[in-house]
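2 protein chains.
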Amino acid sequence: MMSRRVSDLCTPAFLVDLDKVKENARGMQERFRSIGAQLRPHMKTHKTAECGDIMTGGSRRCVAVSTVAEAAFFAEHGFDDILYAYPLAPDKVERCAQLSEQLSLFHVLIDNAAALQVLRKRPLLGGKTWQVWLKVDCDNGRAGVLHSGPEALLLAQEIWQSEGVELTGVYAHCGNTYSCSGAEQIKAVAQKTTRLILQFMEKLKASGIDGPKCSIGSTPSCSHPVPDMALLSEVHPGNYVFYDVQQSLIGSCSLDNVAVRVLTRVIGHYPHRNELLVDCGWTALSLDGHGRLPSGYAVIEGHPELRLLSMTQEHGRIEPISGNLDCSKFPLGSTLSLIPYHACATAAMHPVYFVHSKGIVVDTWKPTRGW
Amino acid sequence: MMSRRVSDLCTPAFLVDLDKVKENARGMQERFRSIGAQLRPHMKTHKTAECGDIMTGGSRRCVAVSTVAEAAFFAEHGFDDILYAYPLAPDKVERCAQLSEQLSLFHVLIDNAAALQVLRKRPLLGGKTWQVWLKVDCDNGRAGVLHSGPEALLLAQEIWQSEGVELTGVYAHCGNTYSCSGAEQIKAVAQKTTRLILQFMEKLKASGIDGPKCSIGSTPSCSHPVPDMALLSEVHPGNYVFYDVQQSLIGSCSLDNVAVRVLTRVIGHYPHRNELLVDCGWTALSLDGHGRLPSGYAVIEGHPELRLLSMTQEHGRIEPISGNLDCSKFPLGSTLSLIPYHACATAAMHPVYFVHSKGIVVDTWKPTRGW
Numbered sequence: 001m002m003s004r005r006v007s008d009l010c011t012p013a014f015l016v017d018l019d020k021v022k023e024n025a026r027g028m029q030e031r032f033r034s035i036g037a038q039l040r041p042h043m044k045t046h047k048t049a050e051c052g053d054i055m056t057g058g059s060r061r062c063v064a065v066s067t068v069a070e071a072a073f074f075a076e077h078g079f080d081d082i083l084y085a086y087p088l089a090p091d092k093v094e095r096c097a098q099l100s101e102q103l104s105l106f107h108v109l110i111d112n113a114a115a116l117q118v119l120r121k122r123p124l125l126g127g128k129t130w131q132v133w134l135k136v137d138c139d140n141g142r143a144g145v146l147h148s149g150p151e152a153l154l155l156a157q158e159i160w161q162s163e164g165v166e167l168t169g170v171y172a173h174c175g176n177t178y179s180c181s182g183a184e185q186i187k188a189v190a191q192k193t194t195r196l197i198l199q200f201m202e203k204l205k206a207s208g209i210d211g212p213k214c215s216i217g218s219t220p221s222c223s224h225p226v227p228d229m230a231l232l233s234e235v236h237p238g239n240y241v242f243y244d245v246q247q248s249l250i251g252s253c254s255l256d257n258v259a260v261r262v263l264t265r266v267i268g269h270y271p272h273r274n275e276l277l278v279d280c281g282w283t284a285l286s287l288d289g290h291g292r293l294p295s296g297y298a299v300i301e302g303h304p305e306l307r308l309l310s311m312t313q314e315h316g317r318i319e320p321i322s323g324n325l326d327c328s329k330f331p332l333g334s335t336l337s338l339i340p341y342h343a344c345a346t347a348a349m350h351p352v353y354f355v356h357s358k359g360i361v362v363d364t365w366k367p368t369r370g371w
Numbered sequence: 001m002m003s004r005r006v007s008d009l010c011t012p013a014f015l016v017d018l019d020k021v022k023e024n025a026r027g028m029q030e031r032f033r034s035i036g037a038q039l040r041p042h043m044k045t046h047k048t049a050e051c052g053d054i055m056t057g058g059s060r061r062c063v064a065v066s067t068v069a070e071a072a073f074f075a076e077h078g079f080d081d082i083l084y085a086y087p088l089a090p091d092k093v094e095r096c097a098q099l100s101e102q103l104s105l106f107h108v109l110i111d112n113a114a115a116l117q118v119l120r121k122r123p124l125l126g127g128k129t130w131q132v133w134l135k136v137d138c139d140n141g142r143a144g145v146l147h148s149g150p151e152a153l154l155l156a157q158e159i160w161q162s163e164g165v166e167l168t169g170v171y172a173h174c175g176n177t178y179s180c181s182g183a184e185q186i187k188a189v190a191q192k193t194t195r196l197i198l199q200f201m202e203k204l205k206a207s208g209i210d211g212p213k214c215s216i217g218s219t220p221s222c223s224h225p226v227p228d229m230a231l232l233s234e235v236h237p238g239n240y241v242f243y244d245v246q247q248s249l250i251g252s253c254s255l256d257n258v259a260v261r262v263l264t265r266v267i268g269h270y271p272h273r274n275e276l277l278v279d280c281g282w283t284a285l286s287l288d289g290h291g292r293l294p295s296g297y298a299v300i301e302g303h304p305e306l307r308l309l310s311m312t313q314e315h316g317r318i319e320p321i322s323g324n325l326d327c328s329k330f331p332l333g334s335t336l337s338l339i340p341y342h343a344c345a346t347a348a349m350h351p352v353y354f355v356h357s358k359g360i361v362v363d364t365w366k367p368t369r370g371w
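Protein chains in written order, with UniProt numbering: chain A, 1 to 371; chain B, 1 to 371.
Just so you know, the hints here were simulated from the structure itself, not pulled from any lab data.
Even glycine gets a Cβ: it sits at the ideal position worked out from N, Cα and C.
Heads up, a few of these hints could be off.
Pulled from the structure, derived: some chain B residues nowhere near chain A, Cβ distances all over 12 Å [stated by the list, open to error]:
| no. | residue |
| --- | --- |
| 1 | R31 |
| 2 | S34 |
| 3 | A85 |
| 4 | R95 |
| 5 | L103 |
| 6 | G126 |
| 7 | S162 |
| 8 | K187 |
| 9 | G208 |
| 10 | L249 |
| 11 | N257 |
| 12 | H303 |
| 13 | S310 |
| 14 | N324 |
| 15 | V362 |
Estimated spans, in silico, between C-beta atoms of each pair [to be verified]:
| no. | chain 1 | residue 1 | chain 2 | residue 2 | range |
| --- | --- | --- | --- | --- | --- |
| 16 | A | K329 | B | H290 | 42 to 52 Å |
| 17 | A | R273 | B | Q29 | 28 to 38 Å |
| 18 | A | S181 | B | H290 | 19 to 29 Å |
| 19 | B | G27 | A | Q29 | 33 to 43 Å |
To give an idea of the chain A side of the interface with chain B (calculated C-beta under 10 Å), a few residues [what the hints assert, rightly or not]:
| no. | residue |
| --- | --- |
| 20 | D8 |
| 21 | K44 |
| 22 | V68 |
| 23 | H269 |
| 24 | W282 |
| 25 | L332 |
| 26 | T335 |
| 27 | S337 |
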């Protein structure tokens, strides 16, 4: 195993370039060390203990997760100070209570009063207190209570006053950076989100609530932070450890920073259709990125003339963007390397990641999945 | 576990209605028993031993799979007579050789001469012979050598004459039924594919090749078979055991036959955006079906007024198709049931299937994945 080359792998295979992963992780660590905000890396993209270890600089402390399954997985692998950064639903409360009782520090996130009531009905054992983050929507438009309305402050006060529950922080996701193009647009969203959450923290302070942390994050904003982000307690990006074509188009990174590939193999020549078949279907790449790229569902590394036109479960169709395909350049059994549009979606399709350094497979990582 | 109700499950959860699965499996078995063609059910949709057992009427014999990982998984679970129904690539030959040596009957499929050369270089031990199916393209337009060209006959002859290799059959997938609408169109494609493969078998016979089997299949064509399909040796549909919204639109089944659901939970009310959030993102449903349904990425059972507008990794946005949403009808923490557009794609996202009969969880099935 340890001396295998990437080119010897069975396909399709999800490849992780360990050197790029370390470089991406180190870049983010240094960026926020110099800014002075705590980095709480999100585990949702890779869901592996090994990559979490790299993102936390080996501490295995201070991470965010998107599912209870991830929380339990990272807890089993010696991680602690885990924030389950997803609106808490009643069916997840008992497992979260157990994680809170088991770990030194486990945080939940809520954005409505019903969730608070459920927490209050399940006091933690061992003298522990629920560590609660309030999710606010700072113009992202997905989950969270609106920063601008009266409900956000009311809910913060309710948490603040509840017994057995501590208002640990205020959390906003600036997913609206995903519609940006270029560093300047990203910085404008980062600046606005920072300003809105800091204004909300001021409102809290004015109402007598002093002490909760505040955190914003997304890979674009944390790849191009603005100076005011020094006033945040934490940031919580995740995708940056892999990056992907989408992030390169947003302007978070260059295509050269993308650490992951799907290795696929030519399984058929169809000159009468001007098409190659490869063994990468949607089970290996996901259908994310539909209609977003001139090169189809992925960038075909080293072949700007090709497009991944469509996929079925285990087949991908590749055609030239224009002109006629010269099949002799793509022998049956030879491989192509696909740069995923969305690394989170592609990683989610793979039970094993083949981790390499300069083309030599040095490790395999097995992600958790489910909920 | 055994007395849990579906409504007590943590969400998102993939639900399999065991009664409908059995009914779909029995329907297909009876259909081809009466026609007189052998049913070789495809395992790619569910990838579980339990469902394979049901589809084979308990025999665990005579199945098709789409990956070597599936082949190995079903072999481990006591299945035999397994056809790896995917164009064989050189990286898979050694594992296929081992399966051929281990099982009573393991079949591979090829559609080019290079694959045959690789097989010939790896003779099987124990006096065994490679069981090879020739994949032909009967106007489906994906994998396979064109039925109409000279290459198909040449390749058949080359297989027929090779030592250590047996031409077991000729295989065609009528995936072009997926663009049909209604039983008449489906039957027309089924008739045409049947006619084309039988014509090819006649050509083989005329060239002195008599004995190979022939098989066609897809869920639409096998749900509406034509009488001439009695002349086929085998059929190999797979999706029918679950069915899905796509199959109901094609006309393979009614929506009532669909055996699977994603159970999801309301996690947020956003009246200012006229929207609910649910905990079903693309990790729980897949992105298949994009743009195909007025109701978005799925049919929301019992709620024809709603649409699953978009998903991110763990969030789904639901909005009314028209008018204003009455959030009070969808309390926080309550559940909705999504009928998947494409069951194969949705099943592939789940590490566990919750199998129920009349709402009581009676089993959990764990699919294999990977390659």
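How the hints compare with the structure:
no., hint, verdict
1, R31, "holds (24 Å)"
2, S34, "holds (29 Å)"
3, A85, "violated (10 Å)"
4, R95, "violated (8 Å)"
5, L103, "holds (20 Å)"
6, G126, "holds (24 Å)"
7, S162, "holds (18 Å)"
8, K187, "holds (23 Å)"
9, G208, "holds (27 Å)"
10, L249, "holds (17 Å)"
11, N257, "holds (21 Å)"
12, H303, "holds (19 Å)"
13, S310, "violated (10 Å)"
14, N324, "holds (18 Å)"
15, V362, "holds (20 Å)"
16, A/K329 with B/H290: 42 to 52 Å, "violated (32 Å)"
17, A/R273 with B/Q29: 28 to 38 Å, "holds (36 Å)"
18, A/S181 with B/H290: 19 to 29 Å, "holds (22 Å)"
19, B/G27 with A/Q29: 33 to 43 Å, "violated (58 Å)"
20, D8, "holds (8 Å)"
21, K44, "holds (6 Å)"
22, V68, "holds (8 Å)"
23, H269, "holds (8 Å)"
24, W282, "holds (6 Å)"
25, L332, "holds (5 Å)"
26, T335, "holds (9 Å)"
27, S337, "violated (15 Å)"
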